[in-house]
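Asker: So you can see what is in the structure, the chains are spelled out below.
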Amino acid sequence: MYRYDEFDAAFVADRVRQFEDQVARRLAGELTEDQFRPLRLMNGVYLQLHAYMLRIAIPYGTLSPRQLRQLAYIARRYDKGYGHFTTRQNLQFNWPALADCPAILNDLAAVEMHAIQTSGNCIRNVTADHFAGAAADELEDPRPYAEILRQWSSLHPEFSYLPRKFKIAVNGATEDRAAIQVHDIGYQLVKNGIGEIGFKVYVGGGLGRTPMIGHKLRDFLPKADLLAYTNAILRVYNLEGRRDNKFKARIKILVHEKGVDEMRAAVEEEFRRERKAPLSLPQAEIDRIRAYFALPPLPERPERSPALDARAAKDAEFARFNRYNVTPHKVPGYGIVTISLKPIGGIPGDATAEQMEIVARLAETYAHDEIRVSHEQNLILPHVALDDVPALYDELAAAGLATANAKLVTDIIACPGLDYCALATARSIPIAQRISERLGSPERTDEIGPLSINISGCINACGHHHVGHIGILGLEKGGVESYQLTLGGSADENCSLGQLAGPGFTTDEIVDSVEILVDTYLELRSDKAEDFLATYRRVGMAPFKKALYERFQGTAI
Amino acid sequence: MLRVLSANRLRDGIIVYLSPSGDWRPQIGEAALLTSEEASEAALAKARAAVTANLILDPLIVDVTESPKGRTALSLRNSIRALGPTIKFKGSSTAA
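One line per chain: the protein sequences are U and V, in this order.
Counting in my numbering, the first sequence runs from 1 upward without gaps.
Counting in my numbering, the second sequence runs from 558 upward without gaps.
It is possible that part of the hints are untrue.
Unchecked claim - Below, a list of computed lysine-lysine pairs in the DSSO-like style, where the Cα atoms sit at most 27 Å apart:
# : chain 1 : residue 1 : chain 2 : residue 2
1 : U       : Lys407    : V       : Lys645
2 : U       : Lys80     : V       : Lys645
3 : U       : Lys80     : V       : Lys647
Unchecked claim - Partner residues aside, some chain U positions facing chain V, computed with beta carbon under 10 Å:
# : residue
4 : Leu27
5 : Leu49
6 : Ala351
7 : Glu354
8 : Leu418
9 : Val480
Simulated from the structure, these hints should not be mistaken for lab results.
It should be emphasised that the depicted structure is a prediction, and the values quoted were computed from it without experimental measurement.
The beta carbon of each residue, even a glycine, is placed where N, CA and C say it ideally should be.
Go ahead and model the full structure; you've got the sequences and the hints to work with.
Answerer: This is the structure we're talking about:
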């Protein structure tokens with residue numbers, strides 16, 4: 001993985017010292033809150049319902065065991081002993097004291113981490129496929145390009161006061177696991193007609209109160225032009241993006257109002273003007289960064305593992321884990337192991353300090369010192385020998401980390417919601433817990449098959465509800481929580497936004513409502529191979545809506 | 558309408574309430590009850606002074622009700638502010 005050089009280390013250390021001084025001045029009363037708020041936000045410090053919250057970037061979701069152990073240490077030393085992995089490959093601590101934040105940032109800097117640009121109207125943490133570098137369906141590892149974008153965008157003076165926040169995602173595989181079409185910029189690595197690898201470019205996607213799927217600006221962008229083209233997009237947005245209305249300030253609104261053809265023309269014009277500038281990426285620099293992300297030495301192994309097969313044949317629980325949580329690796333004899341942070345009835349994305357330390361140790365023992373964090377709020381060991389999966393599973397199971405539910409109905413994405421968040425209008429986590437308990441038996445989840453449920457506690461959509469096969473949006477109506485359902489969303493390469501089913505449901509009704517949708521799917525599917533999304537796309541909203549509102553006619557609010 | 562005055566404490570962000578003695582206490586039950594508009598205005602004036610003195614942030618009036626079981630905030634948001642998350646998060650046994 002990428003290691004800080006002297007410049008990076010000095011850059012982050014300077015920033016910690018600067019924030020230390022700012023916090024001291026705030027606590028001494030030399031800065032007012034109005035003066036201090038933008039400074040703390042630039043360092044990832046929010047004020048939430050119960051306390052401050054510190055959001056830490058995990059660039060493109062890649063972590064070392066040393067870093068994860070340090071996060072565990074911080075959780076214990078300064079917080080309540082746990083952390084929350086978010087829907088954008090960040091980690092949030094929910095209870096830090098402001099006075100401790102400089103010390104936390106100092107501890108993070110010691111392991112080459114920081115919280116810079118995890119908030120504010122700037123280019124946020126650049127995200128990528130969590131299976132990057134390991135996936136069997138990958139054209140090229142997207143992380144070197146995410147790292148190049150990260151370095152270029154960190155404290156970029158021209159792009160530190162954008163009209164609104166700006167999110168970039170990079171994907172290198174056939175399957176889009178980085179949700180690139182719902183980002184401000186999405187880069188997809190592709191091969192052109194003459195065998196060169198570059199990027200397909202999407203602009204203007206996003207969720208929030210005005211969800212939009214990104215528009216394709218380019219079918220092919222040479223790698224050398226990655227920064228120059230990103231610069232051109234940001235320049236057009238910075239100049240023309242709306243600053244008069246916060247709710248219309250994202251680039252998706254600019255693209256929508258300007259039209260994609262005009263947006264493309266403006267970007268291309270700016271790109272032509274600037275492409276000869278020093279933003280052109282030399283191949284040597286690309287190669288230098290790529291070297292940090294080289295596949296670890298993986299000794300040759302047979303494609304199948306007799307040890308794994310034998311265990312799966314006699315242990316049904318292990319067989320389920322292997323079926324759902326182990327994904328094919330690009331190297332025969334290896335697998336990518338998803339460690340679910342969605343135990344049945346648990347809090348999506350939460351991990352205790354002890355669990356973090358266990359995962360760090362397991363990564364060292366079984367996975368060549370690499371850990372990934374997914375925007376689906378799970379952890380991943382990307383390089384595990386299939387022969388080692390049984391032993392790894394046993395250790396995970398002992399730690400309560402072997403829930404076999406990746407991509408299943410209980411692998412629920414949920415924002416912190418009203419239990420923590422100052423912006424939320426309704427709770428998310430308790431709804432996720434109740435749905436998980438209702439549908440979480442192994443027999444039932446196996447029967448239902450792949451199904452994503454995404455829950456947001458407000459219209460800002462941090463729980464990505466628009467792109468859940470079933471999306472749940474928590475609102476407040478007349479002083480009580482109300483939950484709207486959307487159906488048919490998807491964040492993958494066949495991206496679609498969920499459609500609203502109808503009026504919302506009460507807290508008491510929402511779990512039954514989800515169960516009705518699931519049962520309706522089971523009745524409607526053509527066969528077991530047709531998953532929920534495929535069935536919805538075939539039959540449409542009508543039968544689901546009919547089933548929902550027959551049951552709740554007159555009670556839905 | 559019964560009310561109390563709440564805020565976040567600057568140093569650590571935790572929820573506090575203006576007590577009858579004028580200091581800031583973490584329990585809603587320790588808050589001074591505000592039973593008139595005048596009392597609410599006076600409490601807000603104290604809060605503004607506390608903001609200026611860099612003790613608290615974001616003061617707000619919270620509607621409450623009293624019952625034999627104790628004092629509770631009327632809205633869900635303020636109830637969660639008073640009682641903490643409604644979920645049982647798992648922390649480390651050795652957390653600070």
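Asker: Where does the structure disagree with the numbered hints, that is, which hint numbers, in rising order?
Answerer: none
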